[in-house]
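Peer 1: Here is how the chains run, residue by residue.
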Amino acid sequence: MNTVEKILAAKSGKSTVEPGEIVIADVDRLIMHDLSGYLTAGVFDKQPGATVKYPDRVVMVFDHHFSPPTEQQAKVLQFNRDWAHKHGIHLFDCGSGNIHHVLVRRGLVEPGMIVVGSDSHTPVHGTAGALAVALGNDSHAGTVLPYGKAWFKVPETVRIELAGTPRPGTSPRDIALWLVGQIGEGELNYASIEFTGPYVKQLGFWDRWLFPLLCVDLGAKCTFAEAAETGDPARVLRFEVGDVVPQVACPPTVGNLKAVGEVAGKPFGWAELGGHGGGRLEDIRVAAAVLRGRKVHPSVRFNIVPSSREVFAEAAQEGLVLALHEAGATWFPPSTGSNQAINMGAMAPGEAMISTHSRNFPGRNGSPEAEMYLASAATVAASAVAGVLTAEVGA
Amino acid sequence: MRFTGRCWKFGDNIPTDRLVKSQYVFEPMSEIVKHVLEDLNPAFPAEVRPGDIVVAGRHFGQSSGRAIATKALQATGIGCVVADTFARTFYRNCFEIGLPALALDGVTDAVSDGDVLTVDIATGDFRNENTGATRTGAAADPFLLQMLDAGGLIKLAAARSDLFA
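Sequence lines, in order, name chains A and B. Take 1 as the starting number for the first sequence in this note's numbering and just add one per residue. Take 396 as the starting number for the second sequence in this note's numbering and just add one per residue.
Please keep in mind that the hints were generated in silico from the structure rather than gathered at the bench.
With a straight-line Cα cutoff of 25 Å, these simulated BS3-like cross-link-like pairs (lysine-lysine) come out:
1. 416/B x 75/A
2. 429/B x 75/A
3. 46/A x 550/B
4. 53/A x 550/B
5. 86/A x 46/A
6. 416/B x 404/B
7. 53/A x 153/A
8. 6/A x 201/A
9. 46/A x 429/B
10. 550/B x 153/A
Covered stretches of chain B, as calculated for chain A (at least 3 residues, CB under 8 Å):
11. 459-469
12. 486-496
13. 539-552
Here a beta-carbon is modelled for each residue, glycine too, at the ideal position from N, C-alpha and C.
Start from the sequences, fold in the hints, and give me the full structure.
Peer 2: Here is the structure:
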């Protein structure tokens with residue numbers, strides 16, 4: 001059996017499962033952020049007498065807010081906080097960091113677990129060998145919280161093998177973005193994707209993480225990036241990464257990939273390291289290296305959003321906080337940053353941002369006439385210096 | 396499980412963010428429903444009628460897994476939703492909340508706004524009553540049909556304690 005089949009069989013008490021079969025399996029971890037938690041709690045509370053069967057399996061992280069900007073949002077957080085305390089679930093309050101990074105940094109994901117959450121990037125936990133799937137509020141409120149279970153259709157497995165040595169200046173995020181463009185959004189709908197091959201195997205955890213993250217928009221149900229080769233996949237896709245150049249995902253969707261050179265010169269008023277896949281220590285180090293001896297362009301506001309408190313502490317210990325501050329960047333609290341502009345990152349019509357976020361749909365950041373471009377930390381930092389899109393300062 | 400209704404046609408890769416924009420997430424559904432898909436067709440939230448059918452292109456409902464996007468579409472009173480392909484969380488949420496959905500690749504080539512369509516979720520049969528065109532989509536899994544019959548996952552779980560308890 002493939003990895004996904006092994007986990008679903010073990011958790012549903014079966015000896016084998018087949019792609020297409022529907023099983024009801026035990027859930028080891030439910031993760032909710034401040035938006036999905038609020039909606040799930042609202043549905044849960046409508047079930048008379050319902051109780052949370054395994055509170056120790058449930059984690060809520062306030063990551064879209066680092067501090068509520070309105071009374072309405074303060075009430076949402078107050079409701080969530082009270083609900084978490086009432087049911088005895090883990091709560092990581094404002095300032096803890098991005099939901100997925102907090103989960104990893106606090107050691108709450110293990111290989112072989114089933115992890116579910118409403119956040120569509122939940123499949124990133126396949127990086128740690130968990131079967132991690134995005135479900136909706138009604139599954140969480142109706143079966144996961146009261147029974148500790150959820151229904152799953154066993155997906156087909158697609159193995160993606162990546163080989164080759166990237167060109168200098170091409171980062172793992174460029175290669176993950178490029179893959180989305182090569183394969184196409186929604187083209188691996190419902191699949192379990194296993195990332196492997198010599199290129200993937202030599203990457204560190206947080207660089208492997210970018211492949212499940214960005215390939216969510218291929219339509220994958222779940223992904224694994226543990227480089228463990230298992231059973232016979234339904235399909236194998238092989239890619240050579242040696243010729244990939246820095247990439248940028250242009251509006252309106254993550255699949256609208258272009259080489260940075262094709263869009264070079266596009267002006268930005270905003271740049272940001274942050275989001276589900278950004279604000280990693282790796283990203284902050286790269287930005288600090290690009291900005292060494294340079295300043296953020298006067299027309300750009302450059303936001304740095306650490307993905308967790310731990311990352312902020314590490315950046316401080318390495319001297320990166322002061323270096324980026326002095327270069328003109330602005331530090332924000334650990335959070336999901338400008339994702340959906342709940343707490344920050346709204347733009348006026350005609351404004352544009354370049355970021356390490358994982359989504360660029362119009363209307364997610366204020367005006368539907370504002371634009372979000374997605375790129376690597378190196379491209380974001382270089383563009384923050386130049387004031388226009390560029391992969392390399394001085395290029 | 397048959398539905399006949401008037402078609403509202405939308406394009407490819409429409410994210411949940413355009414069904415429910417983030418500034419409305421915390422509003423009551425009575426307010427959210429006034430803005431569903433308004434950026435793509437301002438007439439839709441104003442003029443959609445009970446029993447109408449939404450037809451969309453590829454990867455409909457990508458982005459968030461939160462069911463609020465499907466609930467907002469359901470709250471417009473539409474009978475069902477058909478798409479060339481669905482994002483998997485959106486398709487799952489449709490059945491979990493009791494909104495019938497049919498995946499039918501090529502459907503957007505066979506319809507125009509305002510056409511009267513007949514859709515059978517259980518068999519996958521599709522007919523455009525204006526043009527006479529017929530197609531067959533992916534019949535819903537029997538488990539999903541059970542969910543629709545029960546009125547959604549939560550009602551199914553309550554009625555069938557053997558499934559999840």
